[in-house]
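Asks: Chains as they are written, first to last, in my numbering: chain V, 1 to 362; chain X, 1001 to 1362; chain P, 2001 to 2362; chain E, 3001 to 3362.
These are computed hints drawn from the structure, not numbers from a lab.
Using N, Cα and C, we set each Cβ at its ideal position, and we do this for glycine too.
Misleading hints may appear alongside valid ones.
[Stated by the list, open to error] Derived pair list, reagent style DMTMM-like, types lysine to aspartate or glutamate, alpha-carbon separation capped at 25 Å:
(1) V:Lys325 to V:Glu97
(2) X:Lys1086 to X:Glu1152
(3) V:Lys174 to V:Asp188
(4) E:Lys3277 to P:Glu2321
(5) E:Lys3273 to P:Glu2321
(6) E:Lys3199 to P:Glu2254
(7) P:Lys2319 to E:Glu3262
(8) X:Lys1325 to X:Glu1091
(9) V:Lys325 to V:Glu91
(10) X:Lys1309 to V:Glu254
(11) P:Lys2199 to P:Glu2323
(12) V:Lys261 to X:Glu1321
(13) X:Lys1199 to V:Glu254
(14) P:Lys2199 to E:Glu3262
(15) P:Lys2261 to E:Glu3190
[Said to hold, decoys possible] Partial list, computed: chain V residues near chain X (C-beta under 8 Å):
(16) Pro2
(17) Lys8
(18) Gln42
(19) Ala299
4 protein chains.
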Amino acid sequence: MPGDSIGKMFKVSVWGESHGSSIGAVVEGCPPGIELDLNRIQEELNRRKPGRNKFVSARNEKDRFEILSGLFNGRTTGTPISVIIKNEGFEKENYEELGRIFRPGHADYTYHAKYGIRDYYGGGRSSARMTAPVVVAGAIAGQVLSGELGIEIQAYVKKIGNIRSNISSSEVEKADLYRSPVNFPDMDREKEILALLGKLEEEGNSVGGIVECVIKNVPAGFGEPLFDKLDADLAKAMVGLNAVKGFEIGNGFECAELTGKENNDGFSVSNGKVVTKTNNSGGVLGGISNGMPIVFRVAFKAAPSIAQKQNTIDIDGKKIEIEIKGNHDICVAIRAVPVVEALSAIIVCDHYLRCRGQCGVK
Amino acid sequence: MPGDSIGKMFKVSVWGESHGSSIGAVVEGCPPGIELDLNRIQEELNRRKPGRNKFVSARNEKDRFEILSGLFNGRTTGTPISVIIKNEGFEKENYEELGRIFRPGHADYTYHAKYGIRDYYGGGRSSARMTAPVVVAGAIAGQVLSGELGIEIQAYVKKIGNIRSNISSSEVEKADLYRSPVNFPDMDREKEILALLGKLEEEGNSVGGIVECVIKNVPAGFGEPLFDKLDADLAKAMVGLNAVKGFEIGNGFECAELTGKENNDGFSVSNGKVVTKTNNSGGVLGGISNGMPIVFRVAFKAAPSIAQKQNTIDIDGKKIEIEIKGNHDICVAIRAVPVVEALSAIIVCDHYLRCRGQCGVK
Amino acid sequence: MPGDSIGKMFKVSVWGESHGSSIGAVVEGCPPGIELDLNRIQEELNRRKPGRNKFVSARNEKDRFEILSGLFNGRTTGTPISVIIKNEGFEKENYEELGRIFRPGHADYTYHAKYGIRDYYGGGRSSARMTAPVVVAGAIAGQVLSGELGIEIQAYVKKIGNIRSNISSSEVEKADLYRSPVNFPDMDREKEILALLGKLEEEGNSVGGIVECVIKNVPAGFGEPLFDKLDADLAKAMVGLNAVKGFEIGNGFECAELTGKENNDGFSVSNGKVVTKTNNSGGVLGGISNGMPIVFRVAFKAAPSIAQKQNTIDIDGKKIEIEIKGNHDICVAIRAVPVVEALSAIIVCDHYLRCRGQCGVK
Amino acid sequence: MPGDSIGKMFKVSVWGESHGSSIGAVVEGCPPGIELDLNRIQEELNRRKPGRNKFVSARNEKDRFEILSGLFNGRTTGTPISVIIKNEGFEKENYEELGRIFRPGHADYTYHAKYGIRDYYGGGRSSARMTAPVVVAGAIAGQVLSGELGIEIQAYVKKIGNIRSNISSSEVEKADLYRSPVNFPDMDREKEILALLGKLEEEGNSVGGIVECVIKNVPAGFGEPLFDKLDADLAKAMVGLNAVKGFEIGNGFECAELTGKENNDGFSVSNGKVVTKTNNSGGVLGGISNGMPIVFRVAFKAAPSIAQKQNTIDIDGKKIEIEIKGNHDICVAIRAVPVVEALSAIIVCDHYLRCRGQCGVK
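Please construct the entire structure, taking both the sequences and the accompanying hints into account.
Replies: Written as structure tokens, this is what we have:
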């Protein structure tokens, strides 16, 4: 049973492979009558693009999206929005030798085990290139959310290696982020990050990182108990993202060390709105949004493609030694920032439409 | 759009409220012809039951399940298995005063915001009591998996407060776990746990914890890219569980600090089977099982029901002070262990059936 | 992949077998805050009950439903409504001899081929008894629709054998229907029906029939192109009903003989509402309701259980001769009338909730 | 909630509008490793094309499809197959005047009521042009079915106006069909059809028709009770097709006039296979295939676009008189033949994959 779609009411189905002629998405369920700002969508896509600085993959992707359906005179019609992006800026020759090899940390072996056949150019279907149409779909969702509900979504790098930002989620400034080549809000520690990335690049190595995301102005009431909770759907979307190994919301894994007395967020009323004094829960209680900012973090492993020698096996089980050439990301968390935002927008928009007309939401 | 079901091929729909006459589940998609061991299912249910020791809720639940359909002469027929469990051992009077109150850390407020009406006895729909039918459904899934594929699932408490087990996931012994009143595998540190729980009980407080789960003998090939990955579905199931705030697989959040060189699991062949020397990925690559043990951890917050005084508001926004009486869990992670196993079984069984006849799986 | 559910937003999952201890349904997605009239639901269930007259199965079913969840102080809470009905009034002994036999026209052989095992008492899972919980679920949907939108659903027998009602769909009176023992609106021809049924009963034979259904006051806009059209969903629900072999909407199969000039329904405006002068389309255009009455017909084959001798085979392929004893319906279309209404209510309610907040529907 | 997809295991999502730059489909769940014959797919698409004779729409569609993903070295990879077809051969000017008009029998009004906005060129989303990608997807499904199970699907025109083919479903010859410009198997009566169509063309009128479809070699066991029965899914697919007003399987509406004795298909064994002597059931019992040919019929209304004057209203409710110019089909049933086959292939393939590994199907 295929797993190529995310969302039920706002549904995004992604097709394509890294080195096919093009990749794309079909976006279903977008409300009709919305005037889409295509330039803003392209800006989001540009943020994901490789080649923005020397520490992310230098593949020369132009990444211009095109919308083939679902728009009429600039407005959505409620019918599927077909998004297409041409694949450009690569040479297939770089990869052919890898066709018989199971690269450590990649999905080569598991795709082989599952399907018996795979498009091995550039990782084929398992490539992070698949996130480009996700960003377009997420940008559409984001415009639905910001226009109708004033919802804002902001992600950024929280940590790379052991260098952690000291800026709290409520203090992050969008301006700083757009300035930072590594989507890192702590200007004091940015140079440490840059130094680390420079060193790893020289060594032909890579490193992991953590992305934090804040979603503001979600009304109380989004999320479906028992099994389609808002935080559960965010968790699924994030853990499904390439290279992700962990998800936590609110204080996350730290909550294991706290007592109930310490951890409970007491309710009060402020400006006629129910609020909590602390936000350890990260904006979700019982799987339903409580109106406070939704704050979560996502852990990315180091990109498995490194220039250093590694031991592995080929398709026949024979031991081999490989060096993975080409321009690869040193820290995938950096380019993942707009993707985390896009997936968040898709999930929240999906839950918005699930609630519409049903929980105080118009 | 309702969210009461988990799984697509092996699908479990849960109905009921904490203090209704009964709760239950409808299990769809169970393969026909399987002879179910009902005693083993009851044993799993008993492990979840409150009252097993003095640190978990003393509500006197008998928790005897009954199967109303889908079995014929002791064998599954491929049609829905309806599971029912009577609700017993509580008095509604304990809770009535809470009807107008938004308890901190609970879902009272969010259900109110979403639905405008809620069954407030014992938490109603948001109660962890809903996990009882999940355990029955998971035990059925577990028998499908163990019988047809030899898959074994084992969860246990990894950490409570700041007391962490030093037993690695490959060394945990089932015997120790069944002996431990707190599902904790590290016999040396168990007394520290018991002392901590005793102290918290006296104080009328609670504490968080981490549960680890190991799934062995999953063949390579389970999981559906891009958006229904095996690890993503596990994440959704776990984060959807009551009180959970985090999920990580393999080395999880630690991966953020590692380089690619350190983190990559090199492939080799052992006894004709593809294996990895390390298992930092936790048995999943690109969202698809690679044949290595699947290892993940789940973070539970402290139970929000504590006997100490807390400030909060009522349904009209008026400030109030509450003490939550009754017998409550001091650490919900303990009783969550069989539920984590049950949800794991449901997810893996679902992916097994999604693969059946399609990826080397008979 | 299981097929036990109907509806996506208003979702009904049915479990059980004809001669198990009980049967039931889980109704998900019912809007919260609705005060259900349980007596009216029971009345609907009574209409489906066997034994109302001598021409329908005399099985003595009490058919009292019970609601186990999802109601709080008489109102829906938005959580699953679990419906249970005890199975009573039969003796298993009547059926045991049929366990090895493939009865003509029944699903014995196909269940055997599909599952390898089946509950053969009274047809087990394939029995029309499964429609009892559908009637309860449909009655709940009907109350949602009548209360919020004033939608009315009325089905009746249009034809039995070659005796056809001459009352047009706009002239059918509810009072006549409640009076008629065979749910037949044409009082002039009712005696012909009764004579036919009496003759068939003597002969140990049965006969087919056609049920017509009218749904009034559906707003324009219900239905989802391309593949979840309102008429397509009605067709699926109806053809999925036991013994059904055909579905047509509006003028149905007659449209094949008409020209476009004859068949097109011209638009006009009446009392500020868009209407059509004729209603050949049966209230649906392009799969979306147009505000006119929805009118469709469903063809039922004769009940395959007849007392006359029939040749067939047993499970080993050996030729045998059988006579099916017991009290069986002479014309299943009669008792199907409330089931057709119930399924209609479920489908329309599902589409209502899919539209809510999205197409001029509050 | 969007309705743009058909199938669950073999899933086809269709995007586009009649006069957009292109239309397409994403086909998910196609088993990996299948070598697709692209020429045969193009042949199927050509059969649907307008302009094959003077009685179907003369729009000059080239209808060359392209596959953008999911194929590797000519074989399917198990990942989504993205199909795209350019829209060509029309001039937008023809239609602009219709932008404010609700054409009788078309979906103009209902789309307007539902979405508030619509792409009105050539019917936009509601155009039968949407069936072109369906034919491609169905041809892929057909290759899966014919290659792995030897399943054959054949549709043809059974009736136009009151001219009915006298060739029984078991006697239809593929060769005759490919020869007939109107997909009509009864060579004796073909000239009557041609005369009728010629006359209607002169008059600027159109006419309805009935398509019959036969599916051979479906193993016993396909179909999911209670609500995803094989015949129910076929009914939904067919009634969802443009201009369809009825569906019947086996003897269909005729069954209403037959007794059980007359209608029951007795089982016997032939060449070691369970068969029935008659096939009144049309190959499906209890919603599950019984191994006999599946035979069903679909009723199409006359194309609503006619050159004669019609009275209707515009978007403001004002009465107007229109004549619909352009080249339109005189009988849409003719061109629908390959679409009925394609939808049949999609539904049967979906049920094949739902059964795979589960009901005697490898």
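Asks: Looking back at the hints listed earlier, which ones does the structure fail to meet?
Replies: 2 and 18
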